[in-house]
Amino acid sequence: MFAAASAALLAALALMLVRAVLGPTVFDRVLAMNTIGTLAVLLLAVIGFLTGRPDFLDLAIVYGLLNIVGTIAVLKFFRHGSLGE
Amino acid sequence: MSAILDIASWALLVAGGLACMVGALGLLRMPDFYTRIHAASVSDAVGAGLILAGLLLQADSLIVALKLAIVGLLIFLTSPAATHALARAALHRGLEPWKR
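Protein sequences, first through last, are from chains A and B.
Sequence positions in the first sequence follow my numbering and run 1 to 85.
Sequence positions in the second sequence follow my numbering and run 86 to 185.
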């Protein structure tokens with residue numbers, strides 16, 4: 001049943017990748033990237049349980065932290081035109 | 086007892102996967118950036134919550150449950166903040182909301 005959840009997550013990731021490629025404005029792409037990051041965290045957690053190696057949860061935590069930093073940095077850049085002094 | 090726990094966990098995982106797919110479909114089909122934020126928050130909040138709850142029922146040790154709780158807390162704290170910053174940045178840059 002973990003396999004079904006990972007398959008659903010992979011299908012959702014594919015749809016969001018389509019939006020990230022199509023997206024007319026840059027904000028659509030950033031939104032898709034942020035959601036892809038969240039889904040990747042979930043996928044890492046599910047795969048950890050699927051293969052019986054819960055160590056994958058550490059990777060999920062690190063990826064979640066990187067995701068928020070990346071999103072905020074990109075937004076600050078597009079809002080102010082620079083990353084601040 | 087273990088069978089009941091398994092069934093509950095499977096139901097939560099399948100419902101979470103379904104919510105994620107619904108959110109992704111909305112992200113693809115909605116007409117405008119501000120409505121797409123709404124669709125993305127479905128998979129961020131409902132999908133993540135249900136899948137993490139389903140995994141939490143399968144956790145066999147305390148440290149695994151604690152890590153799952155940390156992942157859930159991280160998603161629930163940072164995802165609304167990122168979405169809010171995104172909408173503000175778009176409005177600040179003059180992106181018009183969708184009208185019929």
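No lab work stands behind these hints: they were computed from the structure.
Positions of the beta carbon are idealized from the N, C-alpha and C atoms, including for glycine.
Incorrect hints may have been included.
[Unchecked claim] A few chain B residues that don't get close to chain A, going by computed Cβ distances all over 10 Å: (1) Leu90; (2) Ala167; (3) Leu180; (4) Pro182; (5) Lys184; (6) Arg185.
[Stated by the list, open to error] Computed, partial: chain A to chain B, Cβ under 10 Å: (7) Phe2; (8) Ala45; (9) Leu57.
Now the hints, each set against the structure:
1. Chain A leaves Leu90/B outside its interface by the beta-carbon criterion, the shortest separation being 13 Å against a cut-off of 10 Å.
2. The claim that Ala167/B is not at the interface with chain A is violated, since a C-beta of that chain comes within 10 Å of its own (minimum 5 Å).
3. With a least CB separation of 6 Å from chain A, Leu180/B falls inside the 10 Å interface cut-off, contrary to its annotation.
4. For Pro182/B, the requirement that its beta carbon stay farther than 10 Å from each beta carbon of chain A is met, with the minimum near 12 Å.
5. Distance check for Lys184/B against chain A: the nearest CB is about 16 Å away, which clears 10 Å, and the non-interface claim stands.
6. Consistency note on Arg185/B: stated as away from chain A, and its beta-carbon is indeed over 10 Å from all of that chain's, at 18 Å minimum.
7. Proximity of Phe2/A to chain B holds as hinted, the smallest CB-CB distance being about 7 Å (cut-off 10 Å).
8. Contact between Ala45/A and chain B, as hinted, is supported at the beta carbon level, the nearest pair being about 6 Å apart and thus within 10 Å.
9. A hinted interface residue such as Leu57/A counts as satisfied when its beta carbon comes closer than 10 Å to some beta carbon of chain B; here the least separation is about 4 Å, so the hint holds.
In this structure, the earlier hints numbered 2, 3 are contradicted, and the remaining ones agree with it.
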